[in-house]
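A.B. asks: Taken in sequence, the protein lines are chains A and B. The opening residue of the first sequence carries number 218 in this note's numbering; numbering runs sequentially from there. The opening residue of the second sequence carries number 17 in this note's numbering; numbering runs sequentially from there.
Treat the hints with care, since some could be wrong.
When the alpha-carbon atoms are kept at most 30 Å apart in a straight line, the in silico BS3-like pairs for lysine-lysine are as follows [stated by the list, open to error]:
(1) A:K317 <-> B:K200
(2) B:K198 <-> B:K223
(3) A:K316 <-> B:K223
(4) A:K255 <-> B:K223
Covered by chain A, according to a simulated footprint, are these stretches of chain B (three or more residues, beta-carbon under 8 Å) [unchecked claim]:
(5) 75 to 89
(6) 216 to 229
(7) 304 to 316
To be clear, the hints were calculated from the coordinates, so they are not data collected in a lab. This one's a predicted model, so the numbers in the text were calculated from it and none came from an experiment. Note that the Cβ used here is the ideal one computed from N, Cα and C, for glycine as well.
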Amino acid sequence: MKLLNTLLVLTLGACLAVSAQARDKRDYHEMVYDSGCKTCHDQGLKSFPSDESCLQCHDMAELAEQTKREGHDAKQNPHDSMHYGQEAPCMECHGEHTKKQALCMDCHNFDYPKFK
Amino acid sequence: MQTRRSFLKFGAGAAAVGALAPLTVSANSSDVKWHEKHEIVIVGSGFAGLAAAVEAGKLGAKDILVIEKLGVYGGNSTLNAGQACFANTDLQKQLGIEDSAELMVQDQLKSGRGYASEELLKHSAELGPYIYQLTKDCGCVYRDHIINTGGTSATRSHQVVERSGAGFIRPMLKTARSYGVKTKTRHKFEHLITAADGTVLGIQVRKDYHFGHEDSGTLINIKAEKGVLIATGGFGANVAFRQALDPTLGNEVGCTNARGATGDGLIAMLSEGAMPVHLSFIQSGPWASPDEGGFGYGAGFSLYNFPHSIAIDRNTGQRFMNETADRKTRADLEVQRRDKDGKPNPALLIAPKHEAQKDPSMENVLRYNVAWEFDSVDAIAKHFELPTKQLKKQIDDWNKYVKAGEDPQFGKRMNMSTGIYLTAPFIVQRLWPKVHYCQGGIQINTKAEVIAAKNGQPIRKLYAAGEVSGGVHGVSRLGGCSTPECMAFGVTAARSMMKA
Chain A
218 MKLLNTLLVL
228 TLGACLAVSA
238 QARDKRDYHE
248 MVYDSGCKTC
258 HDQGLKSFPS
268 DESCLQCHDM
278 AELAEQTKRE
288 GHDAKQNPHD
298 SMHYGQEAPC
308 MECHGEHTKK
318 QALCMDCHNF
328 DYPKFK
Chain B
17 MQTRRSFLKF
27 GAGAAAVGAL
37 APLTVSANSS
47 DVKWHEKHEI
57 VIVGSGFAGL
67 AAAVEAGKLG
77 AKDILVIEKL
87 GVYGGNSTLN
97 AGQACFANTD
107 LQKQLGIEDS
117 AELMVQDQLK
127 SGRGYASEEL
137 LKHSAELGPY
147 IYQLTKDCGC
157 VYRDHIINTG
167 GTSATRSHQV
177 VERSGAGFIR
187 PMLKTARSYG
197 VKTKTRHKFE
207 HLITAADGTV
217 LGIQVRKDYH
227 FGHEDSGTLI
237 NIKAEKGVLI
247 ATGGFGANVA
257 FRQALDPTLG
267 NEVGCTNARG
277 ATGDGLIAML
287 SEGAMPVHLS
297 FIQSGPWASP
307 DEGGFGYGAG
317 FSLYNFPHSI
327 AIDRNTGQRF
337 MNETADRKTR
347 ADLEVQRRDK
357 DGKPNPALLI
367 APKHEAQKDP
377 SMENVLRYNV
387 AWEFDSVDAI
397 AKHFELPTKQ
407 LKKQIDDWNK
417 YVKAGEDPQF
427 GKRMNMSTGI
437 YLTAPFIVQR
447 LWPKVHYCQG
457 GIQINTKAEV
467 IAAKNGQPIR
477 KLYAAGEVSG
487 GVHGVSRLGG
497 CSTPECMAFG
507 VTAARSMMKA
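Same shape as in the complex, but just chain B (with noise of 0.2 Å):
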């Protein structure tokens, strides 16, 4: 916690010193002196990046470039639960679940609360069958089981065996390297180069960056041929610039981005007149823990028991949310748990120990202090202090709703918990919400390419895709959405770039 916390105070020293850097060169090509060109040029080597990477590979383009500015690849993406929704596909039918991009689509607007597109839900949403395919040609290697997430009507998040991004991340960079894709890390985006009429010509990037030393490595412009995709994620661990959008995202929030998801590439792409979308629209997960820092384990363990455990007030012993209602649902509820002070006081997760044993979130959490075992619920109450008597009741109350397959209280969807009564040996892990995808953006199109608020048209050799744009979800993301969106529009942008 220490060490995450310090981060994000030095982030946001960071940020402040970025923005006295200027924003954007503005340079007739022929002033440009260009140290490098390429046919096309990718800024980032998460999901978007790479799923860009490997569909322009196999379009037939010669000459990609895919840079990075951490030491590492995958930004944020190869630190998630590696879950992607996907409607329509082979596994679903093997396992009788019924669904389509229709439903799916239907799911992620009602969660949108009124802002989501439409148009790019369902352009996103009708690739996926494909981008599952794409990913099982680089050797991603899904479970058997689909995972429920929460807000959805039909059980669609097909998971790597990693339970991580990483499961996607590292066959994506082999594939990509396999049809001679350039990968380069400590290289940082800059700012675009524009041609007068605003065309995009290339990047400055700073070569040799070791992050967090902003004035490290040497400037170096690079051409691109065919177009410039930014692929740069969110910018959740910039806490200035996320507080400045929603004042309730402070320290006092944790954060489980990768440290690179700073806002660089959103920010050079406002600064070159694309039009911000729903940039307030900040998520955080409900089902992160405050006892390890990042994305850590605890989300996993959250993710597989919400269905079948309940989430507890430490003040009154109840239940206070459905807990798979929709990420802003749940993440607004656990942070107005507080103590009489009104400092932060974590809900806890009650699992049953009988079930949550089943997947092995639970052995990660145990051995990591993240969660604890309990015999009874007495220890429970004693150990966090809660009221016994209403603890007890809501068990029993519980494990009736259980056998009825209703929740009278907060109307969950009881048939994924049929049968699983919650019993000791109990797994409790505490619950504080953590910024975790910014929904907001720059605006693009079905075709990726990046929109200029001034007139509403692309901006030529311009594209965007992933966390960095924006209006795809609207208020809230629901789980699991936002991979197959990313990779979804990375094809798609390599599509037009081969195109144009």
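Isolated chain A (complex conformation) (with noise of 0.2 Å):
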């Protein structure tokens, strides 16, 4: 029984250190995560990062064009949209360490195939 008990807080030990050192990424940021943790949080580890942050790598007009819809579909664009144009942060609609959605899915059932 001690045994086990024994093994079981080793266990959860492990997870909890691992989940401490790697939460949920995203492949294609590891270059990132080499760079470390402070890369984007800007703020103190704690903090979330600022709005800039996502900016030193990303330009939302890039990001507009790449989104770019057209005709009927245009003002749809998750990057240059009729709400918001081109101000909406980057964090409202996408999460590094959590699973989000578009803040458009709050109102529209929009099919955002390539959605990260």
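Work from the hints to combine the two standalone chains into their complex.
C.D. replies: Written out as structure tokens, the structure reads:
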């Protein structure tokens, strides 16, 4: 029994250690992780990164171009929408360590098949 | 739907956590460490807040701050249908519509069922043409067509071409910035900071706040020289709060509001002794669809089609309401549509495609599974399990009413559907009300000053405008009548602060 408890503690401990070191993450951001947490967490590790943080690498105008939609759907471009233009900060829709969905989906049944 | 529901549950939890935190801090000015100082501080970036910012800018204010709790601007205002009722505009004259501020006030008093404030409604209606021009000066573009909304005796709902409040918010935000107005997102208003005599000195704000993470960011104190305008909107998204006030508004009923509509500004003003008015008068939108979250596309489709379409109870195959009655009348009747076990059985709005297709909303509802097309009455009856015979008779009867120009069934104003017969193919959308607007709030006067409960006098340097204020509309607000009122009292608050 004692051994079982010890094992349990060890296993749990290992799990906790792993989750503290590397939480849910996106593989394509591997190089950012290599540079350290502060690369994104510009306001301290316990705080959310600033809204400018993602824009060190990403450019809103470029993203708007990439997700451009035509005709009827033009205003549904999530990076240049009718409601928020190009001003919606990345973290309103995207999560790095938590799963999120686009803000638009609060009210609309849109299809964003490439949403990450 | 799933998202909205899980969010609503979460919203209630967040509100409970908020209740544990201290609600108010009164302090002597000498005790407070001020991190920032501005001439005018505006809390909220919806219609009321931005109209105030634009007007204060026009009047020469040099240092205006607008803060917004969410990561995006516009709050709930950017999510509606972009309609505003103005009486006596150039566009109405061009279209041969006779109207007046007096008539608009009369319509609103009727819908307010004896509870509306004639003084505040009159103030707002008389400012209508000014607000109409102000929005155009900001770059807002109106359609040539004026919409008829429920409960009105003249067609007066002017709509921006975007058919969304975004068509007001974005040009107004841009104009405000052109006056040098500083705008900040992720700044959550925590509470007022007052002097010993109750004068409002400033506010405490949680900077870098992320919605739903109540301890995110850092607290800062912001001093306001001329005053603070609270324009934080309603509390429709705060399920615990709204259900305490109206037990029928639990999770079964959705909500059209933006996430941020949790009532923070209202609660903070109540804790400073502001007079609460009509808090239980909470309006549900009768044009909402249960097949999408929030305001969505369904509302626009229903709004366009209600005048020439019929709403059908699925048990009887019959109409059950005047489809253009005021919102409360319709929402109360819609929520009574139940199956034999008492479970919600949303009514059907049946519209003729030949008319529905004239508005872009049809394409949206069809594309996103909010409405469906049927080529015959039999097909509708089969799909939704309706009594076919009754439904056929109802549609035949309705078409007779259209021809006669009179609705003996529910007394609907039939001059809106002249010559528009309900014939196949049909577009059908389900109807289930969603919490939409809080008529209640704290009391204001015609200077947009907040009134104290203990003595009926204004609280010095505290102003409120828009949905957070209460008592304007009474029991039920008419469609398209909040937007102009939010802007009118935002403008009024700016004028009061610049005069004080």
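A.B. asks: Next, verify each hint and record whether it holds.
C.D. replies: Hint check:
1. A:K317 <-> B:K200: 23 Å, holds
2. B:K198 <-> B:K223: Holds, at about 14 Å.
3. A:K316 <-> B:K223: Between K316 (chain A) and K223 (chain B) the Cα gap is close to 24 Å, so the pair holds against 30 Å.
4. A:K255 <-> B:K223: Holds, at roughly 20 Å.
5. 75 to 89: holds (count 4)
6. 216 to 229: holds (count 3)
7. 304 to 316: Holds: 7 residues of the stretch 304 to 316 of chain B have a Cβ under 8 Å from chain A.
Against the hints set out earlier in the document, no violation occurs for any number.
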